[in-house]
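For the sequence shown, UniProt numbering assigns the number 1 to the initial residue and increments by one for each residue that follows.
Since the hints were derived computationally from the structure, they do not count as laboratory data. Check the hints yourself; a few may be wrong.
As the list claims (entries may be wrong) - So the derived label-pair ranges between C-beta atoms look like this: (1) Arg313 to Gly238: 44 to 54 Å; (2) Lys171 to Arg369: 22 to 32 Å; (3) Ile97 to Gln557: 39 to 49 Å; (4) Arg81 to Glu19: 26 to 36 Å.
Note that CB positions come from ideal geometry on N, CA and C, so glycine has one too.
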Amino acid sequence: MLSHILIRDFAIIEHLELELTCGMTALTGETGAGKSILIDAIGLVLGDRADSGVVRAGAERAEISAGFDLGAQPNALAWLRAHDLEDDDGACTLRRIVTREGRARAYIGGTPVALQALREFGEQLVDIHGQHAHQSLLHRDAQRGLLDLQAGHAALLEELAAAHRQWTELKASLAAIEDDAQHRQARLELVEFQCGELETAAPRAGEADELEDEHRRLAHASQLLEAAQAAYGLAYDGEPDANGLLSHAVDALDHAASLDPRLDQSLALLRNAQIEVQEAAAELRRYLDDLQIDPARLDEIGARLALLQSLARKHHCEIDELPERLSALQQERESLVDHDSHRTRLNAKLASAAERYRALAERVSAGRREAATTLGHEVTEAMQTLGMSGGRFAVAVENEPRAKPSHHGIDQVEFQVSANPGQPLRPLAKVASGGELSRISLALQLAATRDRRLPTLIFDEVDSGIGGGVAEVVGRMLRRLGADRQILCVTHLPQVAAQAHQQLAVRKIKDSDSTETLIEPLITEPARIDELARMLGGVRITPQSQAHAQEMLRGAQEG
Numbered sequence: 001m002l003s004h005i006l007i008r009d010f011a012i013i014e015h016l017e018l019e020l021t022c023g024m025t026a027l028t029g030e031t032g033a034g035k036s037i038l039i040d041a042i043g044l045v046l047g048d049r050a051d052s053g054v055v056r057a058g059a060e061r062a063e064i065s066a067g068f069d070l071g072a073q074p075n076a077l078a079w080l081r082a083h084d085l086e087d088d089d090g091a092c093t094l095r096r097i098v099t100r101e102g103r104a105r106a107y108i109g110g111t112p113v114a115l116q117a118l119r120e121f122g123e124q125l126v127d128i129h130g131q132h133a134h135q136s137l138l139h140r141d142a143q144r145g146l147l148d149l150q151a152g153h154a155a156l157l158e159e160l161a162a163a164h165r166q167w168t169e170l171k172a173s174l175a176a177i178e179d180d181a182q183h184r185q186a187r188l189e190l191v192e193f194q195c196g197e198l199e200t201a202a203p204r205a206g207e208a209d210e211l212e213d214e215h216r217r218l219a220h221a222s223q224l225l226e227a228a229q230a231a232y233g234l235a236y237d238g239e240p241d242a243n244g245l246l247s248h249a250v251d252a253l254d255h256a257a258s259l260d261p262r263l264d265q266s267l268a269l270l271r272n273a274q275i276e277v278q279e280a281a282a283e284l285r286r287y288l289d290d291l292q293i294d295p296a297r298l299d300e301i302g303a304r305l306a307l308l309q310s311l312a313r314k315h316h317c318e319i320d321e322l323p324e325r326l327s328a329l330q331q332e333r334e335s336l337v338d339h340d341s342h343r344t345r346l347n348a349k350l351a352s353a354a355e356r357y358r359a360l361a362e363r364v365s366a367g368r369r370e371a372a373t374t375l376g377h378e379v380t381e382a383m384q385t386l387g388m389s390g391g392r393f394a395v396a397v398e399n400e401p402r403a404k405p406s407h408h409g410i411d412q413v414e415f416q417v418s419a420n421p422g423q424p425l426r427p428l429a430k431v432a433s434g435g436e437l438s439r440i441s442l443a444l445q446l447a448a449t450r451d452r453r454l455p456t457l458i459f460d461e462v463d464s465g466i467g468g469g470v471a472e473v474v475g476r477m478l479r480r481l482g483a484d485r486q487i488l489c490v491t492h493l494p495q496v497a498a499q500a501h502q503q504l505a506v507r508k509i510k511d512s513d514s515t516e517t518l519i520e521p522l523i524t525e526p527a528r529i530d531e532l533a534r535m536l537g538g539v540r541i542t543p544q545s546q547a548h549a550q551e552m553l554r555g556a557q558e559g
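With the hints as extra help, turn the sequences into a complete structure.
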């Protein structure tokens, strides 16, 4: 049950705080006073989308908080436990903040949550029936949605939509394969040729660097040989050479160092230098032994590099990327060759998906047909009460095997009505007048709420288009609904408002600079009588209208 609501800087409400009770509560006030603003605020805190336009002029942000008593709502408490949001005292506060820049935040019990989570939780607490519901009844989609609501198979509809999505995607994949057969054959021929070229070339990772190093050595082999031979001669095989000169220097100092220790370091350095020269000479010798002047190998390397460069240009990549390109082409070739088996697998998957979709669609159809019978009886019964004596209501659910399947199923749903005795059932959109449509809409909404055990129901001017004795009947029906749940009803009809257990008067206060909406609980009987008298007689309240209002109020209380 909605127990408390706090609104700050929302639309033309600067600050509003209300304590609400169970039973039926009527919200009344002059046209334009802002009665529906309260309903909009409740919708926002339950997860409706919002923009910066809801922020009151001159304010930085709008804030709405709604407190709920969940003591008798095990499903809502279970949802909170599942999301680690449970409050020990069985109460929960929802909060929504919208800034002037259009940013919005949502909270459950002080914890930030995603808008979808807020909406999902809110759907278990409150059901809002808008003032234009009767207009949407003329559309097939709305009729099907209301029937599905009555059937209570939301989870099954989600399964059906997922199955339809899978079926559609598989059909698209198969169609693409079939339509692309000629292109695929041409592509296969090209890929096979490219694979053949690369497989023959067999490029290796890092091969280009190795070939370029070897090509550089062979191209300058004569210069390298001449330089290495000259260095070897000067170091070890010349007259004189560095090794011999260092040997003489070591011999010269060897005896002298024994006479003067200060020569020891110089002697050690000369000996180390001689060792370094000998090692360098040995390395040069090995290099000369390995170095070859091989024009044939040079031509072979040049041709290999030219081939790799040509392939790299053809495939728009670097030489080192050719092995990866070959691997990718081989995989594509395998996929193209495997086209027939892939198509066979897709056909099998498509048949399975179609079978699953049909099975789910049949289950949805069965649920709709059962709900259609129940809804037809309940709405027909309500129509009699609402002044349409002899009227009938039915829901036609046609399952056309050749109809194009959709994510909603394979059914065509149509609301049909006979407004007067003896008349055949015809589509609602073709036969109902404005007043009849309003009453049928109300009958549908009352029937829809009968089996939905939500703690709070909100009716926003759903009684438009009716009046007189029918309005009193509507008020009584809403009052009976309020016997075991909370009903909030925005109404212009005194016959409906008189039936409420509580009444809130909505006033618009204007001055030269601003406009503000206030909501006043009408606690005393005189206050309610004056408000009902205003609704009966306009701006000027007369003793006659007050007497009529008092009679209506007491008649409602006596039941």
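Hints versus structure:
no. : hint                         : verdict
1   : Arg313 to Gly238: 44 to 54 Å : holds (50 Å)
2   : Lys171 to Arg369: 22 to 32 Å : holds (28 Å)
3   : Ile97 to Gln557: 39 to 49 Å  : holds (41 Å)
4   : Arg81 to Glu19: 26 to 36 Å   : holds (27 Å)
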